[in-house]
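Q: Listed here are the chains, written in short residue letters.
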Amino acid sequence: MRTNRRQFIRISALGLGGVATAATAVGAGGSVLSIFDSSDEGPNINFKRYPTYCEVCFWKCAAWTHVNEDGEIVKIIGNDDDPHCNGRLCPRGTGGVGMYTDTDRLKTPLIRVKDGDKDTFREASWEEALDLVASKMKGIKEKYGSESFALLKHGSSGSHFEHLFKAYGSDTIGEPAYAQCRGPRETAFSATFGSWVGSPEPTDIRDTKCLVLIGSHIGENMHNSQVQEMSEAIDRGATIITVDPRMSTAASKSKYWLAIKPATDIALLLAWMHVIIYDKLYDEAYINKYTYGFEDLKNHVKNFTPEWAYGITTIDPSVIRKTAREMAQAAPAVIIHPGRHVVWYGDDTQRERAMAILNGLLGSWGKRGGFYLKEKLAIPKFPQPAYPHPKWGWEELGEHYPLAQMGITNELIRASIPEEDTKHKVKAWFVSGTNLVKTIPNKDLLEKALDSLEFLVVCDTMPMDITGYADVVLPECTYLERYDGIRSATNREPSVALRMPAVKPKYNTKPSWWMGKEIGERLGLGAYYNYKEYSEVLDWQLKKIGTSLEEMERIGVKKYERGSGPLYIGDGEDYEFPTNTGKVELYSTELAALGFDPMPVFTQHPEPEEGFYHLNYGRAPMHTFSRTANNPNLSDLMDENKIWINPRVAKIWNLKKDQEIYLKNQDGVVSSFPIKVRITERIRWDSVYMVHGFGHTNKKLTNAYGKGASDTEMITKVMIDPEMGGTGMRGNFVTFITDKNLVES
Amino acid sequence: MRYAMAIDTKKCVGCSDCVVACQTENNVPIGYCRDWITETVEGSYPNLAIELRSERCNHCDNAPCVRCCPTGASQIVDGGIVITVADECIGCGACIESCPYEARYTHPDGYVDKCTFCLHRVEEGLLPACVSVCPTNCMYFGDIDDPNSDISKILKNRKQKTLAPEAGTGPQIYYLS
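The listed protein sequences correspond, in order, to chains R and F. Every letter in the first sequence is one number past the one before it in this note's numbering, and letter 712, counting from 1, is 712. Just add 1000 to the spot in the second sequence (first one is 1) and you have this note's numbering.
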């Protein structure tokens, strides 16, 4: 057994008083909203409202933070002008106020110290903490080169540290949002249409006639405008086809629910192609004009009949035919949705390719009711010197995966372990806004890397599990207490949204733009921070795009006319797709040139042994990953996950509702905490299901500690996507331990 | 004038946004709620039907909570909205026992609290917080005495039910299917 040099510190180790300063309303900006006079009916008197965009998930809905006369944040309401939310936030956005009020927040900088032979944290001043970070960054640079200091990030804060790292000379940057989430779909859609999907996805659900969801559970993932549009589609009577081993909420709203056997999606997708091609359900003129490799594809799928797929997927061949026909009838107003978290079985780029090819066959890319041609506004860069050129970075670390389009976190982690055979070595990490412990599968590898690091900085608002491994913890104020970069995201029409502080930062917390600047200046990088306040940067940028900070503080969101042409490709219009051939590549020349399958092939994945079940995991509408588990408002709605078990399986095991059991996976890993049983018909008998993001190990998360179990902990078998390096995580199986005495402590 | 609410179960995804929005709008303490989500599953795998419902006080025509209140704190105001006046409530809990929908709870400050259809908002011409926030737009609120209101129109065109009609309370939350 390896000894942990880097002792995990529960943040509660040393007294963490952290003086709770009363929140004070910010004087400038914002607009007084006085919809209510005064009444003794409720707390609604004269609220001031300040624009923001939400940071509880990546959808970044624009909203108004409402502050009462005592300077307290009372509620957050969606901005009517925002295309991401149309004035309606999701439960997490509405409950975002809990991020601010959470009394478990990180309250002051912390530095790891020795207390006898035990590691512990001591409270530190910002001066001390930032000096230490800067000196370590200097030290690493002198000793190994700045490339050896890596940044692992997520969200708005991450971009401020990205600026710092690029100025410092490190492009060794990665985020789990790529290799642990949406990477494969970006590679696959790029190979097919020459354009990645991006966020928000340009799915024209509003006008679709047929929406096909492959394991995507819109409604449980609250990707706001998509949920709204799916609801509109239901109202309009659009056909929804959901493929999922579990009856998801979306499946329950669908005309067709295909209760597929896990890990067999590619077989179904190939059979759908077979039906569309051999029943001649495609638009021949479209195929001839816009696609490449149709004859190759036709030959490729010749034997992949619905009867062939039946034996693999357990889906009735007549249902496969019927659903293929529904899609073809709706074409081009049909969407085979790319999904979002798509790292499942290691052949994910190929599964996503199959989905992209179906969209290609049905001609839905760039069509009304299919995928619209997205557009966003480019935000001018605040004047600064050019970044230095690092000798190596994320691209070199990911060299074995030629189609990676972003840093591969798992390769970056591997490069941090001395024994691993990698060309370059990473020596220190800066982690911002991502709880790697609940994100990265294969905990052993992650812990080995953490043990090997010379220095680890973690910046977060909450004492997430990862903070326990840090040498320095930098407490960030929440999104409601800070300025951040301008939100400019792809959509039907370009828009920008502003985030400004509604109140001053609580406790001794700071915005990450300030931390980045302070560290940068200590490193002699002041030229990259040619401003005193971040609001100066925003005002400069906003003036370049025809508005100003003053205007945006009043309106929050500004929309712009499209500049790139129409939203859709015209019928018969000469249109060149940005692929090698200029066409929709049914046969991928890019994949072929790199020696990968140019068209997707079905491979059989391992099955669970007797007594084991496929471990499926997903989202709950009121939570974002593991980051909201402690939020008082949101944990009030759901404070633990349960393991979904089919009644037949429960009977075999003699399990009762809400009985606490431990999970054990195929590699003998037992869950740190027990999880309650939910007996439900909604899950297949060969599978179990749990919501991701629970089972927190840090006691300082008083609402979340020990509640439910962590799916990530059960994921020790990882199947790497050979094209882009994604970590397939759905090949894990669990069994149940019902007797507590059998769990080794 | 008669206020009522209709909720389209075909669209509701059970996200609980209505619950959080109510909490922040009405300062409902953490650990309590005026509205909540229920899920019913019928059938066996894979022939299943799920219904998700956002539930709350039914603002009944024949409200047992009002009848049994010893102090008159529970009362019906304009538009048929059932409220409790905190100052007049002695917290005896009779109304909690009488409600077939379990829509009432004792506030930590000692009085009984419940959904008011966001009366303070409705008086200002706004929708209840739950309706205004719902991402699926599955909730309709308005005057069912007005045949031109959105709610009247949707109730005319859609199949609907109320909860526990056998209790004879005349509930005014309609579930569309």
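A few of these clues could be false.
With the Cβ distance kept under 10 Å, some of the chain R side facing chain F (calculated, not the full set) [what the hints assert, rightly or not]:
(1) 78
(2) 87
(3) 91
(4) 638
(5) 640
I should point out that these hints are in silico values taken from the structure, not numbers from a laboratory. Positions of the beta carbon are idealized from the N, C-alpha and C atoms, including for glycine.
Q: With reference to the structure, classify each hint as holding or not holding.
A: Structure-based check of each hint:
1. 78: holds (7 Å)
2. 87: holds (8 Å)
3. 91: holds (4 Å)
4. 638: holds (8 Å)
5. 640: Check failed: Cβ of residue 640 of chain R comes no nearer than 15 Å to chain F, outside 10 Å.
In summary, the structure is inconsistent with hint 5 from the numbered list given earlier, while agreeing with all the others.
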